[in-house]
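Q: Residue-level listing of the chains:
There are 4 protein chains.
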Amino acid sequence: MEARIEVGILGATGMVGQHFIKFLQGHPWFDLKWLGASDRSAGKRYSDACTWHLGVAPEAISAMTVEESKPGNAPRLLFSAMDASVATDIERAFAQAGHVVVSNSKNHRMERDVPLLIPEINPDHLKLIPGQQRARGWKGQIATNPNCATISLCMGLAPLRAFGITKIIVTTLQAISGAGYPGVPSMDINANVIPYIGGEEEKMEQETQKILGDFRGDHIDPLAARVSAHCNRVPVVDGHTVTVSVEFSSKPSLADVRNAFDRFTSVPQQRKLPSAPATPIIYMPQQDRPQPRKDAERERGMAAFVGRLRPCPALDYKFVALTHNTIRGAAGAAVLNAELMHSEGMLD
Amino acid sequence: MEARIEVGILGATGMVGQHFIKFLQGHPWFDLKWLGASDRSAGKRYSDACTWHLGVAPEAISAMTVEESKPGNAPRLLFSAMDASVATDIERAFAQAGHVVVSNSKNHRMERDVPLLIPEINPDHLKLIPGQQRARGWKGQIATNPNCATISLCMGLAPLRAFGITKIIVTTLQAISGAGYPGVPSMDINANVIPYIGGEEEKMEQETQKILGDFRGDHIDPLAARVSAHCNRVPVVDGHTVTVSVEFSSKPSLADVRNAFDRFTSVPQQRKLPSAPATPIIYMPQQDRPQPRKDAERERGMAAFVGRLRPCPALDYKFVALTHNTIRGAAGAAVLNAELMHSEGMLD
Amino acid sequence: MEARIEVGILGATGMVGQHFIKFLQGHPWFDLKWLGASDRSAGKRYSDACTWHLGVAPEAISAMTVEESKPGNAPRLLFSAMDASVATDIERAFAQAGHVVVSNSKNHRMERDVPLLIPEINPDHLKLIPGQQRARGWKGQIATNPNCATISLCMGLAPLRAFGITKIIVTTLQAISGAGYPGVPSMDINANVIPYIGGEEEKMEQETQKILGDFRGDHIDPLAARVSAHCNRVPVVDGHTVTVSVEFSSKPSLADVRNAFDRFTSVPQQRKLPSAPATPIIYMPQQDRPQPRKDAERERGMAAFVGRLRPCPALDYKFVALTHNTIRGAAGAAVLNAELMHSEGMLD
Amino acid sequence: MEARIEVGILGATGMVGQHFIKFLQGHPWFDLKWLGASDRSAGKRYSDACTWHLGVAPEAISAMTVEESKPGNAPRLLFSAMDASVATDIERAFAQAGHVVVSNSKNHRMERDVPLLIPEINPDHLKLIPGQQRARGWKGQIATNPNCATISLCMGLAPLRAFGITKIIVTTLQAISGAGYPGVPSMDINANVIPYIGGEEEKMEQETQKILGDFRGDHIDPLAARVSAHCNRVPVVDGHTVTVSVEFSSKPSLADVRNAFDRFTSVPQQRKLPSAPATPIIYMPQQDRPQPRKDAERERGMAAFVGRLRPCPALDYKFVALTHNTIRGAAGAAVLNAELMHSEGMLD
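Protein sequences appear in the order of chains R, B, Y and S.
Position one of the first sequence corresponds to residue 1 (our numbering), numbered consecutively onward.
Position one of the second sequence corresponds to residue 1 (our numbering), numbered consecutively onward.
Position one of the third sequence corresponds to residue 1 (our numbering), numbered consecutively onward.
Position one of the fourth sequence corresponds to residue 1 (our numbering), numbered consecutively onward.
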């Protein structure tokens with residue numbers, strides 16, 4: 001048995017940082033050895049530096065000392081859960097110092113030479129990294145995963161790329177855990193819908209085009225599809241549901257589309273990456289599924305659930321997709337990205 | 001002061017029947033004098049015939065005796081809240097006997113000679129009635145209001161008809177009260193989304209085309225727009241929120257569309273019908289409104305609230321609309337229809 | 001018609017301040033003319049100084065200018081909605097300057113010479129005021145209302161005082177609106193119970209003894225009953241439900257206790273104070289009522305709803321009580337206090 | 001390795017039956033081989049005989065054929081999840097035919113010769129069985145587990161028996177899953193509290209006295225404590241929270257009581273029964289725990305979580321307890337009972 005790779009977390013005390021800690025417990029390849037946070041937390045015992053929100057904190061982690069978010073004694077591979085207000089400079093500083101930064105933060109996602117990865121969809125976008133290293137003059141790497149709602153949408157679209165996607169209209173019904181902690185006040189969301197999430201629609205529209213786009217040597221040609229998002233918060237704890245209408249340049253039959261969902265598999269499955277779900281897209285034939293409270297946590301939160309495929313009178317087809325927003329949509333997404341990078345030899 | 005018009009309710013013991021009773025309390029024109037229900041309930045005191053679900057039942061109503069749903073001693077004007085399983089024959093029997101049946105049931109909505117009315121949108125569809133009377137050989141009348149989610153959508157679209165609507169994609173976030181009682185089990189909807197409501201999408205797609213269609217002598221030419229609906233149940237008590245993307249044949253500017261919302265008024269407002277909201281469409285400029293728990297009950301539940309108008313990258317514009325599903329979307333809809341009919345002299 | 005009395009609000013921008021504003025709209029005696037807040041807000045238009053959380057803000061109020069919370073140009077009668085961190089000094093400063101401060105803040109509630117009032121229960125506690133003025137050397141007055149959960153409990157107990165209350169065990173199921181805004185994070189309370197509210201149990205135990213105590217010239221002799229509270233937050237928007245077990249020194253029959261609930265009326269009803277509910281305690285005979293979402297808002301949120309009276313195998317009797325926490329439990333409580341004071345000539 | 005014991009489920013298609021199926025998956029001792037239900041279901045494939053409500057049904061179970069609920073080809077050990085309307089006669093018929101019926105139904109719980117078991121509390125109550133067999137003239141056995149809310153209470157009280165419990169006042173905040181399916185309509189419980197659950201308070205009061213009572217040869221002497229319950233439904237999915245005030249005949253210190261919680265262990269732990277939690281009572285020192293959504297599922301739903309121990313001004317001490325109502329409070333309770341019986345050699 002190979003030695004595990006030591007890893008650290010940037011922004012370990014926040015909600016996403018906690019999700020990383022939880023997801024990495026018992027990971028066969030990655031050994032969590034380093035927790036970075038703001039200067040305010042540095043030097044403290046982890047359990048004193050933050051309030052744990054995910055049940056009961058792992059004891060070994062609670063006893064660790066939080067470090068300053070500066071290169072130095074950190075492991076080479078770092079997961080970044082940093083707040084957008086500070087992520088840009090710190091992530092770059094670590095990459096400059098030779099670290100591999102696998103980030104969930106939005107800051108670098110749309111930069112020309114930074115992969116915005118979903119391993120089942122665009123593993124080849126990792127080829128941006130050598131150019132990134134040349135252009136930035138660093139030996140490190142920055143790779144990112146998309147916004148949590150974008151992942152729900154793109155996982156649902158992944159099997160359909162061959163049909164030539166030309167138009168997408170998506171409405172999200174997003175869980176409160178997506179807003180972190182304290183996040184959404186209960187007075188705003190109890191028995192209510194909030195039809196707005198700041199910046200989310202723009203992210204979904206732009207990120208989707210990049211994710212589904214084509215690698216062109218030193219950049220990604222975005223998919224030339226028109227993407228429109230309506231983002232809503234609903235009183236659900238975990239799991240972003242999306243309703244999707246899509247138009248194709250080819251005119252596949254309903255059976256063609258259904259087959260594409262049923263047969264979809266990809267690189268993470270072929271390589272048996274540890275966090276990859278056996279079946280990345282689980283099509284549910286029941287007329288009222290998937291549902292976030294009943295389905296999102298299945299398959300360790302890493303699969304996408306799709307259902308209700310039917311013709312769309314306005315575009316071509318419509319369906320519902322669901323992923324667990326803090327697992328497949330955040331911590332698990334980044335860890336799967338790192339697993340893909342390791343399988344490519346990029347962490348050697 | 002004119003004498004009030006005596007009215008009755010068909011299906012008075014069900015949830016929609018109760019909403020009619022509540023809405024008609026203190027009505028200036030209509031005097032509720034007759035409660036019809038199934039044979040099982042007939043002869044009982046109203047309070048013994050059903051469990052009241054809307055707070056505390058009006059005392060005068062509780063003491064009334066429930067009648068069989070057969071023509072005879074019923075008032076001429078009847079609001080129908082009957083279950084779809086029985087409404088077809090009973091509503092026809094009453095029309096045959098000369099009654100004016102203003103129905104919330106779905107049964108007759110799509111029939112060629114039956115108006116599917118929203119008074120702010122298609123008051124002229126009432127002109128179908130003379131032909132209905134000739135074709136059916138009855139002196140009575142049947143007029144209907146749309147499905148509750150359809151009303152949310154169509155109220156939002158009402159001001160935009162002049163721009164030439166060609167394509168509509170709508171996603172609903174519907175309240176649990178829309179499913180009646182006992183309706184949706186809490187085990188299904190607590191902290192969850194159900195991405196399916198039986199028959200709802202078909203109703204929204206078909207009814208919208210008829211409502212926005214044109215009166216052609218003996219029938220309605222449906223609007224030649226492509227309509228696609230995604231219907232979802234969310235854990236909200238009252239108020240159906242819809243996200244709408246729409247395409248126009250003319251290419252109005254954003255300001256044109258916004259002005260259309262702000263300036264919209266119609267026949268019910270001009271005639272000051274008692275249940276008509278002063279402003280039928282209330283455009284909310286806040287970026288996160290309308291919201292069902294905060295807005296649906298305003299204006300006695302009869303206005304439509306619209307917000308978040310913005311360009312749609314896939315069609316032309318997108319926005320959010322909200323109406324109170326059991327008031328503007330059901331009981332209040334039918335009562336406003338009857339008020340419109342009275343203002344046309346059709347109840348004389 | 002008498003001229004209305006000008007009033008102001010201390011702490012007008014907070015959540016409780018907003019509840020005061022909403023409750024005072026259209027008040028027949030009190031005319032809201034002055035809004036005080038922190039220096040940070042002073043000088044701003046009210047609508048710019050805060051985010052309104054209660055539907056849509058009254059236009060006239062939105063346009064008012066917020067004042068510094070210093071005596072000077074403020075009306076004589078002030079409702080205080082100030083945060084506990086600042087209320088002590090500011091309320092005293094206003095009383096020193098001759099103002100009548102009717103406060104919802106907890107700061108002065110338990111002071112020896114300050115009335116802790118529920119007008120239906122202890123209107124005679126207002127007699128503390130002359131002594132307060134002598135002891136403090138001010139011409140002003142400070143009167144307070146209890147904590148919102150205490151009011152639910154004490155309203156339920158009010159009719160039972162004559163039976164000699166000796167022991168009370170109460171468990172609360174409290175609404176999220178009681179925690180203000182942003183208040184309870186949705187991640188903590190969605191589909192959950194939080195069995196703790198900081199400081200609440202101590203308040204309920206102590207305040208109840210004072211409220212039900214006896215005026216003794218210059219102080220209140222607390223009721224010599226043993227009071228134990230278990231406080232819980234539940235995912236309800238408005239309305240604090242309490243389950244109560246109570247022991248009496250006399251041994252009333254079940255019918256005696258029920259009669260006490262049914263017949264209870266008091267000074268606010270006799271004097272027809274504008275905010276007094278016609279029936280202060282509404283006993284509901286249904287086996288599953290009262291319920292917060294269905295009952296709390298009835299009677300303009302000012303009545304207490306009681307139900308499920310039955311023998312308690314451990315003490316003597318048990319029952320359920322409910323009041324609207326932000327109306328009867330906060331803004332409405334203070335306004336009713338001021339109405340009582342006006343009916344006593346204390347505002348002249 | 002020993003062969004597993006074949007077991008069956010009576011009432012396999014209902015909600016509790018489904019919980020049994022789920023809980024028994026992978027059980028090291030018990031092998032689920034037989035599913036009994038009503039005549040209506042008999043002969044059908046299990047997946048056709050019911051709608052599965054707990055995520056996704058195990059495939060092997062879905063393919064099994066449902067049997068009539070009559071002795072014959074059923075395994076000797078049967079878990080009963082039957083509805084109370086039919087359980088009495090059917091359970092007796094199976095016991096008469098020599099089966100061991102380990103029942104979650106309420107029907108036989110309070111019968112003089114039937115054990116009402118919680119293995120951590122009263123394993124010696126199994127000694128009722130020989131007398132039961134003599135008195136009933138059967139070779140089979142009937143053993144029962146308590147009502148789900150009673151289990152929350154009694155697990156919390158288990159460590160405190162030595163202090164001499166004389167008085168208990170408990171208020172429950174019960175999850176919706178306790179009402180089965182369809183169970184509580186969402187219109188009744190969404191953002192609401194229902195302060196009543198039919199028959200629940202009586203069950204808690206009587207069952208608690210029997211569970212904590214003493215075995216006396218052919219019957220149980222109930223604990224001579226006065227028990228009073230207030231039962232409420234709250235919008236929580238799983239986990240019954242109870243607030244408890246308790247009086248003791250001895251006067252233990254707070255430290256004594258806390259130690260009793262911390263040190264509690266019992267027969268199921270000593271015997272390492274497969275479903276026994278390692279620590280049956282987990283005392284949580286955080287001031288706001290336990291909480292149902294965050295804690296109930298920990299330890300596979302089989303532990304009781306206790307917190308907030310503090311003096312009670314009215315009785316002696318008060319605290320909060322929580323157990324998972326469908327696992328520790330139903331299916332898991334019965335399975336643990338059967339494990340205890342097996343460890344006693346009663347299944348040989």
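The hints are simulated quantities; they were obtained by calculation from the structure and are not laboratory data.
One or more of the hints may lead you astray.
[What the hints assert, rightly or not] Derived BS3-like pairs: lysine-lysine, alpha-carbon spacing no greater than 27 Å straight-line:
# : chain 1 : residue 1 : chain 2 : residue 2
1 : B       : 167       : R       : 167
2 : S       : 22        : R       : 22
3 : Y       : 167       : S       : 251
[Said to hold, decoys possible] Simulated restraints on C-beta separations:
#  : chain 1 : residue 1 : chain 2 : residue 2 : range
4  : B       : 256       : Y       : 42        : 37 to 47 Å
5  : S       : 40        : R       : 310       : 28 to 38 Å
6  : S       : 182       : Y       : 93        : 36 to 46 Å
7  : R       : 310       : B       : 112       : 20 to 30 Å
8  : B       : 256       : R       : 310       : 32 to 42 Å
9  : S       : 54        : B       : 106       : 31 to 41 Å
10 : B       : 161       : R       : 310       : 20 to 30 Å
11 : Y       : 55        : S       : 33        : 31 to 41 Å
12 : R       : 4         : S       : 263       : 29 to 39 Å
13 : S       : 40        : R       : 84        : 54 to 64 Å
14 : Y       : 279       : R       : 45        : 34 to 44 Å
15 : S       : 263       : R       : 310       : 51 to 61 Å
16 : S       : 263       : Y       : 214       : 38 to 48 Å
[Said to hold, decoys possible] Pulled a few chain B residues facing chain Y out of the computed Cβ check, cut under 8 Å:
#  : residue
17 : 55
18 : 110
19 : 190
20 : 191
21 : 294
22 : 298
Glycine residues also receive a C-beta, built at the ideal position from the N, C-alpha and C atoms.
Q: Any of the earlier hints contradicted here, and which numbers?
A: Failing hints, ascending: 6, 11, 14 and 18.
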